[in-house]
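A.B. asks: Put together the whole structure using the sequences plus the hints.
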Amino acid sequence: MARKVLVAVVSLVFLGIAGLGQTPKLGGEMVIAFGTDPEALDPNRITSAPAGMVLTHIAETLILMDEQLKLQPLLATSWTVSEDGKTVVLNLRKGVKFHDGTPFDAAAVKANLDRFRTATFAFLLYPRVQTVDAVDEYTVRLNLDMPFAPLLSHLSHNFVAMLSPKQLAALPAGQFVMDPVGTGPFKFDKWVRGEYVRVVKNADYWGDKPYLDSVVFRIVPSDATRLVLLETGEVHAIMRVPPMDAPRVAKVRGVEVVNLPGVRTIYIGFNVTKYPFTDVRVRQAFNYAVDKEAIVKEILGGAGGASNAPIMPLIFGYTPQEPYKYDPEKARLLLKDAGIPKGYKVTFHHPTGRYVMDAAICEAIQAYLRDVGIELELVTMEWAAYLAFMNKPVAESTHLMYMLGWGTVTLDADYGLFSLLHSSQWVPVGSARSYYKNDTVDALLEAARTIADPGARKDLYARAMSLIWKDAPWLFLHYEGQINAQRTMAKGLVHHPREYILAHKAWIDR
Amino acid sequence: MIQYAVRRLLLAIPTLFGVTLLVFGMVRMLPGDPALTLAGAQATQEMVERLRQEMGLDEPVHIQYIRFVGDLVRGNLGKSLRTNHPVAAEVAQRFLPTLELSLASLLLAMAFGIAAGVVSAAKPYSVFDYTSMVAALVGLSAPVFWLGLMLMLLFSVRLGWFPAAGRGTLAHLILPSVTLAASSIALIARFTRSTMLEVLRHEYIATARAKGVREIWVVLRHALRNALIPIVTIIGLRFGALLSGAVLTETVFNWPGIGRLMVDSILARDYPVVQGAVIVVAGAFVFINLGVDLLYGIANPRIRYE
Amino acid sequence: MRELVTRLGKHRLAIVGLVIILLCLVAVACAPYLAPRDPLRFSLRDKLKPPSPTYLLGTDELGRDLLSRIIFGTRVSLMMAVVSVGIGLVVGTPIGAISGFYGGTLDILTQRTVDVVMAFPGILLAIMVVAVLGPGLWNAMLAVGISFVPTYVRVVRGAVLELREREFVEAARAVGTSNLAIIRRHILPNCLAPLIVLSTLQMASAILWAAGLGFLGLGAQPPTPEWGTMLGRSQVYIRVAPHVAIFPGAAIALAVLGFNLLGDGLRDALDPRLRGRL
Numbered sequence: 005m006a007r008k009v010l011v012a013v014v015s016l017v018f019l020g021i022a023g024l025g026q027t028p029k030l031g032g033e034m035v036i037a038f039g040t041d042p043e044a045l046d047p048n049r050i051t052s053a054p055a056g057m058v059l060t061h062i063a064e065t066l067i068l069m070d071e072q073l074k075l076q077p078l079l080a081t082s083w084t085v086s087e088d089g090k091t092v093v094l095n096l097r098k099g100v101k102f103h104d105g106t107p108f109d110a111a112a113v114k115a116n117l118d119r120f121r122t123a124t125f126a127f128l129l130y131p132r133v134q135t136v137d138a139v140d141e142y143t144v145r146l147n148l149d150m151p152f153a154p155l156l157s158h159l160s161h162n163f164v165a166m167l168s169p170k171q172l173a174a175l176p177a178g179q180f181v182m183d184p185v186g187t188g189p190f191k192f193d194k195w196v197r198g199e200y201v202r203v204v205k206n207a208d209y210w211g212d213k214p215y216l217d218s219v220v221f222r223i224v225p226s227d228a229t230r231l232v233l234l235e236t237g238e239v240h241a242i243m244r245v246p247p248m249d250a251p252r253v254a255k256v257r258g259v260e261v262v263n264l265p266g267v268r269t270i271y272i273g274f275n276v277t278k279y280p281f282t283d284v285r286v287r288q289a290f291n292y293a294v295d296k297e298a299i300v301k302e303i304l305g306g307a308g309g310a311s312n313a314p315i316m317p318l319i320f321g322y323t324p325q326e327p328y329k330y331d332p333e334k335a336r337l338l339l340k341d342a343g344i345p346k347g348y349k350v351t352f353h354h355p356t357g358r359y360v361m362d363a364a365i366c367e368a369i370q371a372y373l374r375d376v377g378i379e380l381e382l383v384t385m386e387w388a389a390y391l392a393f394m395n396k397p398v399a400e401s402t403h404l405m406y407m408l409g410w411g412t413v414t415l416d417a418d419y420g421l422f423s424l425l426h427s428s429q430w431v432p433v434g435s436a437r438s439y440y441k442n443d444t445v446d447a448l449l450e451a452a453r454t455i456a457d458p459g460a461r462k463d464l465y466a467r468a469m470s471l472i473w474k475d476a477p478w479l480f481l482h483y484e485g486q487i488n489a490q491r492t493m494a495k496g497l498v499h500h501p502r503e504y505i506l507a508h509k510a511w512i513d514r
Numbered sequence: 178m179i180q181y182a183v184r185r186l187l188l189a190i191p192t193l194f195g196v197t198l199l200v201f202g203m204v205r206m207l208p209g210d211p212a213l214t215l216a217g218a219q220a221t222q223e224m225v226e227r228l229r230q231e232m233g234l235d236e237p238v239h240i241q242y243i244r245f246v247g248d249l250v251r252g253n254l255g256k257s258l259r260t261n262h263p264v265a266a267e268v269a270q271r272f273l274p275t276l277e278l279s280l281a282s283l284l285l286a287m288a289f290g291i292a293a294g295v296v297s298a299a300k301p302y303s304v305f306d307y308t309s310m311v312a313a314l315v316g317l318s319a320p321v322f323w324l325g326l327m328l329m330l331l332f333s334v335r336l337g338w339f340p341a342a343g344r345g346t347l348a349h350l351i352l353p354s355v356t357l358a359a360s361s362i363a364l365i366a367r368f369t370r371s372t373m374l375e376v377l378r379h380e381y382i383a384t385a386r387a388k389g390v391r392e393i394w395v396v397l398r399h400a401l402r403n404a405l406i407p408i409v410t411i412i413g414l415r416f417g418a419l420l421s422g423a424v425l426t427e428t429v430f431n432w433p434g435i436g437r438l439m440v441d442s443i444l445a446r447d448y449p450v451v452q453g454a455v456i457v458v459a460g461a462f463v464f465i466n467l468g469v470d471l472l473y474g475i476a477n478p479r480i481r482y483e
Numbered sequence: 109m110r111e112l113v114t115r116l117g118k119h120r121l122a123i124v125g126l127v128i129i130l131l132c133l134v135a136v137a138c139a140p141y142l143a144p145r146d147p148l149r150f151s152l153r154d155k156l157k158p159p160s161p162t163y164l165l166g167t168d169e170l171g172r173d174l175l176s177r178i179i180f181g182t183r184v185s186l187m188m189a190v191v192s193v194g195i196g197l198v199v200g201t202p203i204g205a206i207s208g209f210y211g212g213t214l215d216i217l218t219q220r221t222v223d224v225v226m227a228f229p230g231i232l233l234a235i236m237v238v239a240v241l242g243p244g245l246w247n248a249m250l251a252v253g254i255s256f257v258p259t260y261v262r263v264v265r266g267a268v269l270e271l272r273e274r275e276f277v278e279a280a281r282a283v284g285t286s287n288l289a290i291i292r293r294h295i296l297p298n299c300l301a302p303l304i305v306l307s308t309l310q311m312a313s314a315i316l317w318a319a320g321l322g323f324l325g326l327g328a329q330p331p332t333p334e335w336g337t338m339l340g341r342s343q344v345y346i347r348v349a350p351h352v353a354i355f356p357g358a359a360i361a362l363a364v365l366g367f368n369l370l371g372d373g374l375r376d377a378l379d380p381r382l383r384g385r386l
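Protein chains in written order, with this note's numbering: chain A, 5 to 514; chain B, 178 to 483; chain C, 109 to 386.
Wrong hints could be hidden among the right ones.
To be verified - Pair by pair, the computed Cβ-Cβ distance ranges are:
1. A:K396 / B:V311: 52 to 58 Å
2. A:D331 / B:E236: 53 to 59 Å
3. B:R398 / C:E278: 43 to 49 Å
Everything labelled a hint here was simulated from the structure, so no lab data went into it.
Every residue gets a Cβ at the ideal spot worked out from N, C-alpha and C, and that includes glycine.
C.D. replies: Okay, here's the thing in structure tokens:
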């Protein structure tokens, strides 16, 4: 499995090189199609990958996470973390201007980070970051109340993008930015709700100027329709190719399929406070009963991979565990041991149209479990209702078994484990919907937050994950792969594991 | 007649008021809430609480309703909870494409429906009559979304004649409007045929024929003219159905219309947008019906308004 | 009655419709015997197979036999149609009858309420009702049924308004028959013709609406084979396996066609004046 991911990463590099071989041509408009309209273009308000993708062309972050998932300088040229981990100093890039001419400096960063305290995803910084100081014109200091190791990767998240302080100051209270003014290679041009967002070249960009005159992000909700648009040449690149179509699309002339790992883990959670999932044997039996490899291969078209840890391989802190190999016989034995009669009924709530092939996967799980004598009653819920239903405190919870995904967008195990499996994070406080509690796991996850040394952190996560794995609060399913596709004439596009297609350095080969 | 129009307009007020109550109530009965939905499955309680406060969802429901109706009377539809955009702008932007689609479908339906109906009536029980009536029935029976998918599969994927989806040129309009028009073409064709057959039985038609008027003129000038009134009524009634059918057609063809906006906002629990869109659509429906009734009166002076 | 049958018999298309409906009913009654395979048995390796002698209509995304699923789907679709039309009929008829018979404030109130519901975009009302109640077969039926109520109220009220002034009603009144008895014995039996025609045609709409809800993912719950849900799922595979979209859609169209044809025939046979109104 690790090898598969490696192949994907290597092919990413390859795409980049293929673009470098030729001389880029200037001009033109590139069209990228994706599924959902951004909810906003204000870093303070956005919650989804599509919004992040559009924003990252316009507004830049202090630190960049490149497609190899390495931290690189962007608006900050260098940074240092103090010995005790409680101070982070960032040195800022000089000579950068926002699209409205406002200079980028320490005051601008402070204005943005202070405003970020009220953001939807404020947890990316807070509550650990207590104050922000502008030390001098190009130096910023973040003061933390306790060490928070993942902070730097959090700062690389596209939701923490810098906007012009002039724009922020002029913004009436209660309003959000709709036409972001950033420092990026493209300037905001137009947003027609439900149709497209258009950005145009920033001729005064501080770095390498973009080749394209403009980029259009077209909103096309239907997967099938998006694909047709690519095949007919109406768009240059699309996200989320239906897995079954990928082999066919790969053969279409002038089109190439891009396979890359995603950062989303899909799992079936058990409510461990409710019978029969109070019994670890039942939870393990369910894990043995389902052929995850077959699901990935047959339903997901081989994109992504079967989980062998609660987080996926690209996340910092990942250590593979011994997989629950598909073994219906073992599952039957475990269930018999646990005293579960044949034909036992369990309700299973799941969303539809949220994750790749979600409903089909749930039906497959239903069929696998029927094989070992468990009758799953599927309840498909529409997303908003599902969220409300799943967000109940443990005493009011009625769910037994549920499907959810988790995108570890910070690419650090802390975000991938803490909110889901630490006992302080039971919903509605955090996102722990299995109400799992293991004191050792709690202690390990807490410790890994505050230690700075990467080697030691990785070790703590390895120990926590091995306990979680054996306790099996989830049916560990798979991590999603991304299947994107593009016209071969679209050069230099970067397909990013954070579910972005980036056109910063793209050009059209006419 | 003006009196009648005024009376009908006044009657529209309680109807639309009822619509506000119904949509407000329904929307709030939906399980889930906008803050939680926007924040998503990875949100913390803190984030959700903050959003909920920003969205003004902490207020008691009846206060929210009074505010909503008060704003509505002053022509203010409020702001989207999700995007903070004014609802009026959002609805206006999405209403136009739907209107465009519905009108195009209506034109298609009238052109093909009346033509097929007239030819069928002129030569009843002929091969054309049977084929067109069976075709009409199939058109009436096929699910809109299925028909859309099939047309897309054939004409844009296999043949490449039309763009598959989206809005822009006239070519973009063809497949969705044909899809949406199918059931109306069928209805209008069948109705035109039966009305024409009835009219053609009348004495004055026989008189015209006896006078040696050419058959084509008999059918077109004498019969069709008299058949037109009931046909127009049916067409007017179809317009409301078209607005409703647009929901599914827009989904299939990625048409950025108000049908999709309504479904999307219901799913996102964006209360003000659902409310605004439904009221605008309901208003359009009420006024179109009124227009049809008045038109009916102008076309047929024998009708007396009660 | 005999006259009706003869008249209907002359209506060739109505006979075709009747035959289609009878075929559907056979499928409903004998699904387990007709279906070549278990509609729930899956085999991931055989997914999305095109039609072949083994799988006459091919397989779906989990490798289940499409033909068997469509045959079993007849049960679901017809039941949905019958129940939702039943709801519309049972709720709408008395409201329409009482509103039309008594008139006055009650009538005005009913009419305004019907106006409100009718001004509400139809499918949207169903979507919201399903969202409130939660998805599922019964809730979908309820949603569609509720959306049908206003049509029944309108039609029955219209018929009652006409009947109210007729001699036999006057006569019944004169001999002191109570209002409810008049409605039951004289009015409703005379509304039968439009109700039969309307219900047949509404069966067609109900199948379409139910399929629409299924298409949007709000209909029957898996693994229940339901045509609309099957069709909705198939959208993703439409390019690689068009048969998964074509056949369930064709099944829907055929069943709807059957009810439309029969409804037309019944209308012409029972009461040609209804043409254009229903």
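A.B. asks: Indicate, hint by hint, whether the structure satisfies it.
C.D. replies: Okay, the hints, checked on the actual structure:
no., hint, in the structure
1, A:K396 / B:V311: 52 to 58 Å, "holds (55 Å)"
2, A:D331 / B:E236: 53 to 59 Å, "holds (55 Å)"
3, B:R398 / C:E278: 43 to 49 Å, "holds (46 Å)"
Comparing the model with each numbered hint stated earlier shows that all of them hold.
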